[in-house]
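Chemist: Let's have the full structure, built from the sequences with the hints guiding it.
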Amino acid sequence: MTISTIKELLDAEVLCSEDSLSRHVYSACGCDLMSDVLAYVKDQGVLLTGLVNPQVIRTALMMDILAIVFVRSKMPTEEMLELANENGIAILSTDKRLYEACGILYSNGLVGNKVKS
Amino acid sequence: MSEPLVFRFDVDGDDFTSAGQASVQVKKNLRQLGLLPEIIRRVSIAMYEGEINMVIHAGGGKAEVQVDNECVTIILEDKGPGIKNIEQAMQEGFSTAPDAIRSLGFGAGMGLPNMKRYSDEMNISSVVGEGTKIVMKVFIR
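Those sequence lines, one after another, are chains A and B.
Convert by adding 5 to the 1-based position in the first sequence; the result is the number in this note's numbering.
Convert by adding 394 to the 1-based position in the second sequence; the result is the number in this note's numbering.
These are calculated hints, taken from the structure and not from any lab test.
The model shown is predicted, which means the values in this text are computed figures rather than measured ones.
Take the hints with a grain of salt, since some may be wrong.
Claimed, not checked - So the derived list for chain A, only partly shown, Cβ under 8 angstroms to chain B, looks like this: (1) D37; (2) L38; (3) S40; (4) D41; (5) L43; (6) A44; (7) V46; (8) L56; (9) N58; (10) P59; (11) Q60; (12) V61; (13) R63; (14) L66; (15) M67; (16) D69.
To be verified - Okay, the calculated bits of chain B under chain A, using three or more residues with CB under 8 angstroms as the criterion: (17) 400-413; (18) 421-435; (19) 439-449; (20) 487-500; (21) 504-515.
Glycine is no exception: its CB is placed at the ideal position from the N, C-alpha and C atoms.
Modeler: Next comes the structure, spelled out in structure tokens:
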């Protein structure tokens, strides 16, 4: 699934790294606990979260996550956008809740999430 | 590389929101060295969790990353309160972090287990009241 498709499915706004919309993601993770995100390697994934602080961007960066979707209309700070932009991580914001946003992506085929520790 | 490359960082313990900056820099440096993405990812996650731990529990500390032909070695040293029971601290879900840290997405007792998960070797030496030193190795080949 491309980041662009995620944007459409979640009716999301793209806040940075718009040039990466054509990139493909193969797995997803819906989580507010960054240590859990860090516990399992997922290739070329998207992170959906309601947590807003710079550690979310750094966690994504460490995990080579390609896109972050902030749910419930949460907006990242300028500092967070800058860090994401520098590293080519796409940032999206949707008014949907975490459960709903994950469900929409899952039911549209973004299910691949083979866990390898 | 005949001589190991060494990167040193001071980890500022005052501000949780800036924690992880050294790990971001290490990731950049290792990319420039052309290491495999998988190795870079393991090193940077292990170091990131360590850095977060130093900020939460020890008021910061020092980090050193050495790269040679065989492995990447991460040395984290702090003068914090030390770890009373290392075996207990290594269990997933065991945490002594304050609630405020949990609301920021950490402090769930996954830090040390994650560091072990992503490193090939991990050694913790800690003295209560004096500090903690953690050495992690990720083998390149």
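Chemist: If a hint holds in the structure, say so; if it does not, say that too.
Modeler: Hint by hint, here is what the structure shows:
1. D37: holds, 6 angstroms
2. L38: A:L38 check passes; min Cβ-Cβ to chain B is 6 angstroms, inside 8 angstroms.
3. S40: holds, 4 angstroms
4. D41: For A:D41, the interface hint holds, since the closest Cβ of chain B sits about 7 angstroms away, which is under 8 angstroms.
5. L43: holds, 5 angstroms
6. A44: holds, 6 angstroms
7. V46: Given a least distance of 7 angstroms, the restraint on A:V46 holds.
8. L56: holds, 5 angstroms
9. N58: Since chain B brings a Cβ to about 6 angstroms from A:N58, closer than 8 angstroms, the hint holds.
10. P59: holds, 5 angstroms
11. Q60: holds, 6 angstroms
12. V61: holds, 7 angstroms
13. R63: Constraint on A:R63 satisfied, holds at 4 angstroms.
14. L66: holds, 6 angstroms
15. M67: At about 5 angstroms, which falls below the 8 angstroms cut-off, the nearest Cβ of chain B leaves the hint on A:M67 intact, so it holds.
16. D69: holds, 6 angstroms
17. 400-413: As far as the stretch 400-413 of chain B goes, the hint holds, because 4 residues have Cβ atoms under 8 angstroms from chain A.
18. 421-435: holds (count 3)
19. 439-449: holds (count 4)
20. 487-500: With 3 residues in contact (Cβ-Cβ under 8 angstroms with chain A), the coverage given for the stretch 487-500 of chain B holds.
21. 504-515: It holds: at least three residues are needed, and the stretch 504-515 of chain B offers 5 whose Cβ sits within less than 8 angstroms of chain A.
In this structure, every one of the numbered hints holds.
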